[in-house]
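S.K.: Each chain, letter by letter, is given below.
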Amino acid sequence: MGILEVKGVSKRFGGLKALDDVNITVKENTVHAIIGPNGAGKSTFLNCLVGKLIPDTGSVMFEGQSLLGVAPHKINQMGISRVFQTPEIFADLTVFENVLIPLFAKRDGSYRMHAFETVENEADIIALAEQMLIDVNMIDKRHAHSASLSRGDKRRLEMAMCLSQSPKLLLLDEPTAGMARADTNNTIDLLKEIRDKRDITMAIIEHDMHVVFSLAERITVMAQGTPLVEDTPDNIKGHPKVQEAYLGGH
Amino acid sequence: MTFLGLNERDTRFLLIVVALTMFTPFLLQPFAENSGLAQFNAGYPDLMQRFAIYGIFAIGFNILFGLTGYLSFGHAAFLGVGSYSAVWMFKLLSMNIIPAIILAVIVSGLFALLIGFISLRRTGIYFSILTLAFAQMSFNLAYSVLTPITNGETGLQLTLSDPRILDPESITNSLPSTSLFGLEMNDSAQWEVFGRVFTFSVGYYVCAVIAIIAFYISLRIFRSPFGLMLRAIKTNKTRMAYTGLNTRPYALAAFVISGMYAGLAGGLLASMDPLAGAERMQWTASGEVVLMTILGGAGTLMGPVLGAGFIKYFENIFSKINDNVLHGWFAFMPDGLEDALITLIHPFVGKGWHLTLGMLFMLVVIFLPGGLVELGQRIAGLFRRRKAEDRSDDGSKATTPAE
Ligand SMILES: Nc1ncnc2c1ncn2[C@@H]1O[C@H](COP(=O)(O)OP(=O)(O)OP(=O)(O)O)[C@@H](O)[C@H]1O
Ligand SMILES: [Mg+2]
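Residue numbers (this note's numbering), protein chains in the order written: chain A, 1 to 250; chain B, 1 to 403.
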């Protein structure tokens, strides 16, 4: 049984079938990659997991609980964090503040408000945030205004924000898009380290095959809203359907 | 050195604010009584009280708008509710301002809880319109159904037949005045020195002390995890939701706090002058606090106070420059030129002060999105840069950018 079980999920946008009877099971403590050409429905699939979209049909179960109709913040509290395709960060705030916020959110939830504490005095949270920035190699940019970061740095920051909450399931939508080669390699190393050190499951969407084959233990190939094949990286590499999907056989 | 939970920098900041507030009667009275500039003096109790009271109103508004970005167009409703509550306290209970102010804060807080709970179901422009609609509703109700409470167009006033159960000795044949345990609000002392008359009124100092407390609370909120979360809500509500936080309880808390600040301001207005009218709740009054906050610098600590002072100064001082005053200034010019110049300036001064304020507001929004605070920072930055250049005049060292 997988930590995430998606069965028979379909989603239409007007006449367009963005997802068509999708069945995917993600096993606990694995890295599961989803690849496929542009417009295959990969981001739509993630949107159905985090409460951004409600599928027309099908079921989505996380640790045996349905996610359908659950509010995004509740889904996060269940242990799912997402790195978006276009970085969603707190652009007006500093890098350091960006990492503090998810830590406070995780500790305090929606109702415990601390209006008379001082952020500076929250030593535990500050230590965690600093460690997280060291892990993603951004501690020297802690005072930077996050809107001024490069696209790659924004993405690494968003990853740090998600990881700081120690999610059970981390969803990554093209985490290395827009990154320089060196940063991509750093990100691969970071994700590998996290995969090996923590109890974490990752679902990763990625166009960069170097990233996919460095990290993934399982790969699903999607095209036109449907998973074509699911297999191990070695078997996927030479699979004719993969070639077909990527070389525009449809 | 830390003080009241503030770090060194904030302690210094608070002390400066305290000093400025305490010396306001001097600072606002810079011109000699018999000089032509005496009309620009603003150091009289009524106006100084307004500076402090509207400063409180704007500080509270900034906790909602400056931190969370939710733009309310109905905050004057809470000011009005605070005033009515306070006057009722003066009528029924006692002329002591403490119970009046406490009731004003509680009632406006409850009212804000109700309006905020409903309005915060929407964001952006729809939120603004909902708050505006609620405020206009309150304004209209005050003139119609609620006249037994508000006394309609006449406004709520003290009368000789009010019970005032806690101070029976106040029932005489003249209206009592508001007080703080015997200290009357309209008591004042004057000090004449260097041709200037400085007025120290009890009312102003009561307002000033409360304003400092209000500022201190806002400072603590700004530095707290709560304040950080509010700023996060302003920046990116989507990310906030995917970070596991329901933003509504936080926004509602900010809404209620700012409503209570408005109620406090309303209660203080009534404490300085015990009457309340529905015009205090009109949309123009709600718009004014928006202007104050943006003009001074939304989301900054000092901005709203500066904005409130600036607008109240304009409303009370700049509006007094009429044609006679202008003729006095330009009397040295040849008549034709003098008249032409006055015709030119006339629409912008006196009753035309709104026009000038409007233009200043536009200039600020276009060139100084951070308001008067940004202006101050830019000027400070300029000086810092010049100093840095002086120190390394060979130009080899790169100067650090401002901020
Ligand atoms: N909210 C929406 N409304 C209408 N159509 C949408 C919406 N979201 C996605 N689509 C459409 O659904 C299809 C799948 O989009 P999706 O973003 O899931 O693709 P993707 O696999 O993530 O592609 P890419 O690799 O380019 O990110 C596309 O044709 C897209 O235009
Ligand atoms: Mg996508």
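A hint or two may mislead.
Computed cross-link-like contacts, DSS-like style, restricted to lysine-lysine with a CA-CA straight-line distance of at most 25 Å [as the list claims (entries may be wrong)]:
no., chain 1, residue 1, chain 2, residue 2
1, A, K141, B, K91
2, B, K234, A, K74
3, A, K106, A, K141
Because the hints were derived from the structure by calculation, they are not lab data.
These numbers were taken from a predicted model, which means no experiment stands behind them.
S.K.: If a hint holds in the structure, say so; if it does not, say that too.
M.R.: Verification of the hints:
no., hint, in the structure
1, A/K141 with B/K91, "violated (60 Å)"
2, B/K234 with A/K74, "holds (20 Å)"
3, A/K106 with A/K141, "holds (23 Å)"
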